[in-house]
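Undergrad: With the hints as extra help, turn the sequences into a complete structure.
Sequential numbering from -4 applies to the sequence shown in the working numbering.
Quick caveat, the hints were computed from the structure, so don't treat them as lab data. Where hints are given, some of them may not hold.
What the hints assert, rightly or not - List of simulated lysine-lysine pairs, DSBU-like, C-alpha gap at most 35 Å:
id, residue 1, residue 2
1, Lys367, Lys344
2, Lys566, Lys5
3, Lys125, Lys143
4, Lys384, Lys563
5, Lys627, Lys594
6, Lys51, Lys110
7, Lys68, Lys563
8, Lys77, Lys133
9, Lys566, Lys329
10, Lys371, Lys89
11, Lys594, Lys371
12, Lys366, Lys566
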Amino acid sequence: MLDFFTIFSKGGLVLWCFQGVRGPAATAPVNALIRSVLLQERGGNNSFTHEALTLKYKLDNQFELVFVVGFQKILTLTYVDKLIDDVHKEFRDKYRNEFQQKGALGLLNGTFDFKDDFMRLLRDAEESSKVRAPTVMKTFEQSLKSQKTVKCMIETRGEKPKEKVKNKKNKGSKKDGTEAVAAPSKASGGDKQLSAAGDKEELTKDEILQKNREEFFRRHMKAGEKSRSPKPDAQKEKGKKPRVWDLGNSNAKVLDYSNSATNGSAEACPVEEFDPDMALGDKNREPGRLYDLEYESDDEAEEEKVVQNPSKPSVKKGGLGGMFGMLKGLVGSKSLTREDMDPVLEKMKDHLIAKNVAAEIAVQLCESVAKKLEGKVMGTFTTVTSTVKQALQEALVQILQPQRRVDVLRDVMDAQRHRRPYVITFCGVNGVGKSTNLAKISFWLIENGFSVLIAACDTFRAGAVEQLRTHTRRLNALHPAESHGGRTMVQLYEKGYGKDAAGIAMEAISYARNQGFDVVLVDTAGRMQDNAPLMTALAKLIAVNAPDLVLFVGEALVGNEAVDQLVKFNKALADHSMAQTPRLIDGIVLTKFDTIDDKVGAAISMTYITSKPIVFVGTGQTYCDLRSLNAKAVVAALMKA
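TA: So, in structure tokens, the structure goes:
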């Protein structure tokens, strides 16, 4: 049933391995586990899926060992958790002396004959999963029916069941307040009706309320009919007339640029005169350089408070036991347990959530740190709080430095050698700043000597094309053609509104290839992650045009919503793609970073959930307010008290 079971050190040395008869080689799945989970500090969940296999693992932090078991993911093996715990305990106890006395040499020179023990533990685990107690039916005395008396089960004719009466009472009590406000003047009439009804027959409270309600609405409707006066002359015309604005144009053909001959030419975007200092901001910057995100931490000036571990029992002051106990807690003779770390991890989790990290991600991060530290011997003169905090900082820095680093300039130069444009597609929800940051990236590319064609594929939002046209005019004013040998550095390719975005992007890429543009930036309409038709259209645009880079634009203000947006965008691109291997999000543009102070948790949430890098960070409203992510600066802001 198992494909493989392997035991190796954190240094990468395989100590023992069991290979199933028909199972595939364990090398590829284990390497994927190391790259995607262990090195990326994503150990919050002890399960990992690789192709058709499910891998479960357990860490031994005291001896730096990793236990991994793999099996087919279509199988439901209930004994795997018990097996991996038993193997961990057996292997650790059997070779404890060898690990403690020889250390690393014991791992290199040791011979670990563990096959017989493993097969015994495997048989025991399989047998324990098969042996289950049979389901025993309840006796009559254990059922609820036996507790009822005969008297409570007898129903008198004409008497309503107690449960229904209780429900009606609850409904009536909810509406008592509204009736008291709606008809305070009808109290006297209600009293008369009550007395009259009492003479004829005895009514319940709910029936009286219902009768009073009907009487009130009947009188109210009669009064409303009398107050209405018919106006036959002033008959409304059927249908709704569209509003015509003073400065607008009612002709929709004016907004159609399909047959325009100026697409992609410099005449479509005349040069605009404006103050360049307002658009550039920093005068002392180095042109074409993408500066790192900076954050000044005040923690260095503050003394770090040592938090005592609340799980330790209190000792009496002034005695030798207290002195020795204090020294014993400092010199590092104790290994960390889960009970020691739980109070500190709970505070760390609340701190992360307060800094805008998604709650689910904060829980998984703390769980990963706990698994990494459990059983590890503390260093000399260190506390539980400092140890956990240091491990969490290392984990956060590792998360913000994903496996693949996106180097846009290098990729653009590589596309130039192949004589084709480098295509970047921007996607995201409404109002996150896609067009604004597209203009910032255009300015950065122009300053590095690359020509840019902007494809206006947002054919839905009113003013989207005009916004890009304004950015194009300003960018041409900052970098006129005379400064670049008569070459126009940025142009706009537009086809108006109401057209197919995928078709416009395809035409823009073809136009850029013919005209020799270096980069094509595709602007798409904002869409919510739950809108299936719009997500299908986005997947079609990406599948048809096959861009080199798909960037998700998200704002730094969101918390739990960031996880939902990224997960559903990736899922929609995978579900609605026509390709066998669908194209997903390649990187992230994090906007509005200047509005959040030290609440930088959205960067952690987005990177953790996708394992994709944050390529650009928007920090303001000028074209120069574009930064690259500095992982240490973000973590410093995140850990600030």
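Undergrad: Look at each hint and say if it fits the structure.
TA: Evaluated hints:
1. Lys367 <-> Lys344: 16 Å, holds
2. Lys566 <-> Lys5: This hinted pair holds, its Cα atoms lying about 33 Å apart.
3. Lys125 <-> Lys143: Violated: lysine 125 and lysine 143 sit about 39 Å apart, past 35 Å.
4. Lys384 <-> Lys563: Cα-Cα ~32 Å, so holds.
5. Lys627 <-> Lys594: The given pair, whose Cα atoms are some 15 Å apart, holds under the 35 Å limit.
6. Lys51 <-> Lys110: Satisfied, since the Cα-Cα distance of roughly 19 Å is no more than 35 Å.
7. Lys68 <-> Lys563: 23 Å, holds
8. Lys77 <-> Lys133: 30 Å, holds
9. Lys566 <-> Lys329: Not satisfied, since the Cα-Cα distance of roughly 46 Å exceeds 35 Å.
10. Lys371 <-> Lys89: Roughly 19 Å separates the two Cα atoms, so the pair holds.
11. Lys594 <-> Lys371: 31 Å, holds
12. Lys366 <-> Lys566: 29 Å, holds
Violated hints for the displayed structure, listed by number in ascending order: 3 and 9.
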